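Engineer: For chain A, the structure is supplied; the task is to place chain B on it using the hints.
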Amino acid sequence: MRRASILLFVLLIAAAPLNAHHGRGATYDMKKKITLKGTVARVDWRNPHVVIFMDVKDETGKVVTWGFENAGVSQLAQEGYNRNTLKVGQEITAVVNPAANGAPTAIVVKVILADGSEIMSRERGQNPVD
Amino acid sequence: MRSRWTTLVFVLMMSLTASAQQGDKEKFKARYEALPSDANFDRHDLSGIWTQTKLDHSLGTPAPPLTPAGIAAMNGRIQDKPGVVGNAPWYTCNPMGFPRLMNDDEPMEFIITRDRILQVFQWEHRIRYLWTDGRALPSGENLENLGPAWYGHSVGKWEGDKLIVNTVGLEERAWLDNAGHPKSFHARIEETWERVDSSTLENQLTLYDPEYYTAPWVGSKKIYKRMPPDAITYFGWNGLFAGISEGICAPMNEVEGYNKGFRDIGTKPR
Numbered sequence: 001m002r003r004a005s006i007l008l009f010v011l012l013i014a015a016a017p018l019n020a021h022h023g024r025g026a027t028y029d030m031k032k033k034i035t036l037k038g039t040v041a042r043v044d045w046r047n048p049h050v051v052i053f054m055d056v057k058d059e060t061g062k063v064v065t066w067g068f069e070n071a072g073v074s075q076l077a078q079e080g081y082n083r084n085t086l087k088v089g090q091e092i093t094a095v096v097n098p099a100a101n102g103a104p105t106a107i108v109v110k111v112i113l114a115d116g117s118e119i120m121s122r123e124r125g126q127n128p129v130d
Numbered sequence: 131m132r133s134r135w136t137t138l139v140f141v142l143m144m145s146l147t148a149s150a151q152q153g154d155k156e157k158f159k160a161r162y163e164a165l166p167s168d169a170n171f172d173r174h175d176l177s178g179i180w181t182q183t184k185l186d187h188s189l190g191t192p193a194p195p196l197t198p199a200g201i202a203a204m205n206g207r208i209q210d211k212p213g214v215v216g217n218a219p220w221y222t223c224n225p226m227g228f229p230r231l232m233n234d235d236e237p238m239e240f241i242i243t244r245d246r247i248l249q250v251f252q253w254e255h256r257i258r259y260l261w262t263d264g265r266a267l268p269s270g271e272n273l274e275n276l277g278p279a280w281y282g283h284s285v286g287k288w289e290g291d292k293l294i295v296n297t298v299g300l301e302e303r304a305w306l307d308n309a310g311h312p313k314s315f316h317a318r319i320e321e322t323w324e325r326v327d328s329s330t331l332e333n334q335l336t337l338y339d340p341e342y343y344t345a346p347w348v349g350s351k352k353i354y355k356r357m358p359p360d361a362i363t364y365f366g367w368n369g370l371f372a373g374i375s376e377g378i379c380a381p382m383n384e385v386e387g388y389n390k391g392f393r394d395i396g397t398k399p400r
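Protein chains in written order, with the numbering used here: chain A, 1 to 130; chain B, 131 to 400.
Just so you know, the hints here were simulated from the structure itself, not pulled from any lab data. Because the structure is a prediction, the values reported are computed rather than measured. Careful, some of the hints might be misleading.
Claimed, not checked - When the alpha-carbon atoms are kept at most 27 Å apart in a straight line, the in silico DSS-like pairs for lysine-lysine are as follows:
no., chain 1, residue 1, chain 2, residue 2
1, A, LYS62, B, LYS390
2, B, LYS211, A, LYS32
3, B, LYS390, A, LYS110
4, A, LYS31, B, LYS390
Next comes chain A alone, as it looks inside the complex (with noise of 0.2 Å):
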């Protein structure tokens, strides 16, 4: 029984984050959170949801392109968002869930602005990824 409770309480807290709208299955993982520091690539703004690209450099010095997930167009604009609040080349921190398997792909937890302003938080429901 004891071990049940516990097992119970690991499946609770795996289980809160979100569901899976566009079928995302067991994408990212939710209990890891990375911060990617890098310029922005790409923005794609996009249904059915908006992608992030950024050049994050890894350790050695290598570029890697990531991609983050967002909400989609529309549920951003309500959120005071467009598709030039991230600009090419711009400068920004992302506070995401990366991808299980490993790849540079994430859903967004929150972006931050070299003025060190917090964005497009899923935290604080400005930017509901569902």
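Structural biologist: Showing chain B alone in chain A's frame:
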């Protein structure tokens, strides 16, 4: 014992996931719930842009038991679950169909005309026609000749302050909800709409489908709130150009761009 625990874990996981989504939605509610009340509203004027107050992609109540034909119709439909990507038709940009689209997250607009009510949905940028000119609901040979439609054939009439809409001729390939519940071509869905105050609509659906279900499926009451007027002005609320914006599911975006170009990279074994 193990299966009971498994069931409990599953139910709690689902409810916690739903509550996390609900938490996000709650933050948005303050915006439209702050609208001033108008005591002189017209109960028959449903016009405006409305959004559901809960993220609930289902009818909101448990399904009645399926008939053997219903079980056969649902066979092969895979619902999303941890580790499994489901095969819902909308993942490849097929229409959600009625009533699933009505239970989606994005707003919809009622446009009232002399002989019909148009329901415009943001997701899919879709229009439903609810005929209010007194025509009969298609049945018998007429319905068979019309054939199935993703959003069916709908007729509405007022009974007191309630708009009663009946829809028949629904496309069987469209899932009723995320679980993949079926509905037969000969099903009828009755929906009621009532404007209970100036900024609130109540809606309820009932599925009558004796081919696939052993009893009528009475859905829960859903609440819609009016979007603030500044949402529909030019570059008004947070820069939106218009109230209902383009939520089109384009295969070149969804299938080629998002699924193949992004999601699958993080989903497939490396």
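Engineer: Evaluate each hint against the coordinates.
Structural biologist: Results of checking the hints against the structure:
1. As the CA atoms of A/LYS62 and B/LYS390 are separated by approximately 25 Å, the hinted pair is consistent with the 27 Å bound.
2. With a C-alpha separation of about 19 Å, the suggested pair B/LYS211 and A/LYS32 falls inside the 27 Å cut-off, and the hint holds.
3. With a CA separation close to 24 Å, the supplied pair B/LYS390 and A/LYS110 stays within the 27 Å bound.
4. The straight-line distance between the Cα atoms of A/LYS31 and B/LYS390 is roughly 25 Å, inside the 27 Å bound, and the hint therefore holds.
Hint check: no violations occur; every hint is consistent with the structure.
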